[in-house]
Amino acid sequence: SQQGEEDPQALSIQEGENATMNCSYKTSINNLQWYRQNSGRGLVHLILIRSNEREKHSGRLRVTLDTSKKSSSLLITASRAADTASYFCATDAIDYKLSFGAGTTVTVRA
Amino acid sequence: KAGVTQTPRYLIKTRGQQVTLSCSPISGHRSVSWYQQTPGQGLQFLFEYFSETQRNKGNFPGRFSGRQFSNSRSEMNVSTLELGDSALYLCASSLGTSGRFEQYFGPGTRLTVT
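Read top to bottom, the protein sequences are chains F and R. Sequential numbering from 1 applies to the first sequence in our numbering. Sequential numbering from 1001 applies to the second sequence in our numbering.
Rather than coming from a laboratory, the hints here were simulated on the basis of the structure. It is possible that part of the hints are untrue.
Stated by the list, open to error - In silico DSBU-like cross-links for lysine-lysine, where the CA-CA straight-line distance does not exceed 35 angstroms:
1. F:Lys-69 x F:Lys-26
2. F:Lys-56 x R:Lys-1013
3. R:Lys-1013 x R:Lys-1001
4. R:Lys-1001 x F:Lys-56
5. R:Lys-1013 x R:Lys-1057
6. F:Lys-56 x F:Lys-26
7. F:Lys-69 x F:Lys-56
8. R:Lys-1001 x F:Lys-69
9. F:Lys-70 x F:Lys-26
10. F:Lys-56 x F:Lys-70
11. R:Lys-1057 x R:Lys-1001
12. R:Lys-1013 x F:Lys-70
13. F:Lys-69 x R:Lys-1013
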């Protein structure tokens, strides 16, 4: 079973707009990671945020973590066509095994 | 630095056969994890190896097995293939335990069972 659940399942935005997706998980975690997958570059790591961190930035990406609500969000600012991909959150609930959510499919329209 | 490589990239097998997939991690990475990705179940953790020892195992039947060699290269084997084993098998390497460190994924092996 999957520990994390992303919301929404799919998102379509105009180039230049921001995209926000959320991840909720069931049990306490040590770390949460976000990954992106597209047909061209496969599965790529975006950000790792630890349970004692609340926010992390990487370029146009911003990740927040709220351990009290067991949720995380990924914000992509000023989206580009190259951001079209599926985005997954992954948590390490038990023995640091990574458990992936079902993903959010993001389509950026020109 | 060369990325994670997986061979073969595509494979077609028939039910009942067995298959071995190979993964070469990034130089210096001692942890290798394997995942199965299907449209229905998504990305599921198979197992993780660190310094030739299996550190973690997912909820898969015993037909799925793996090993890691002293040079950190890893193989996974699936015996008595079933139609439901058709999937993209991804290998990832990292400096340490998969949950604590970022994973670098290979391109995957697309397995089709007929």
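Status of each hint after checking the structure:
Restraint check for F:Lys-69 and F:Lys-26: satisfied, since their Cα atoms lie roughly 10 angstroms apart, inside the 35 angstroms limit. For the given pair, F:Lys-56 sits about 44 angstroms from R:Lys-1013 by alpha-carbon distance, which is inconsistent with the 35 angstroms threshold. Distance hint between R:Lys-1013 and R:Lys-1001 is fulfilled; the C-alpha atoms sit about 33 angstroms from each other, no more than 35 angstroms. Annotation: proposed proximity of R:Lys-1001 to F:Lys-56 holds, straight-line Cα distance about 26 angstroms (limit 35 angstroms).
Distance check on the hinted pair: R:Lys-1013 and R:Lys-1057 sit about 25 angstroms apart at the alpha-carbon level, within 35 angstroms; holds. The straight-line distance between the Cα atoms of F:Lys-56 and F:Lys-26 is roughly 22 angstroms, inside the 35 angstroms bound, and the hint therefore holds. Among the hinted pairs, F:Lys-69 with F:Lys-56 is consistent with the structure: their alpha-carbon atoms are about 17 angstroms apart, no more than 35 angstroms. With a CA separation close to 39 angstroms, the supplied pair R:Lys-1001 and F:Lys-69 exceeds the 35 angstroms bound.
Using a Cα cut-off of 35 angstroms, the hinted pair F:Lys-70 and F:Lys-26 holds, with the two alpha carbons roughly 7 angstroms apart. Using a Cα cut-off of 35 angstroms, the hinted pair F:Lys-56 and F:Lys-70 holds, with the two alpha carbons roughly 16 angstroms apart. Between R:Lys-1057 and R:Lys-1001 the CA atoms are separated by roughly 29 angstroms; this keeps the pair inside 35 angstroms, and the hint holds. With a C-alpha separation of about 42 angstroms, the suggested pair R:Lys-1013 and F:Lys-70 falls outside the 35 angstroms cut-off, and the hint is violated.
Distance check on the hinted pair: F:Lys-69 and R:Lys-1013 sit about 45 angstroms apart at the alpha-carbon level, beyond 35 angstroms; violated.
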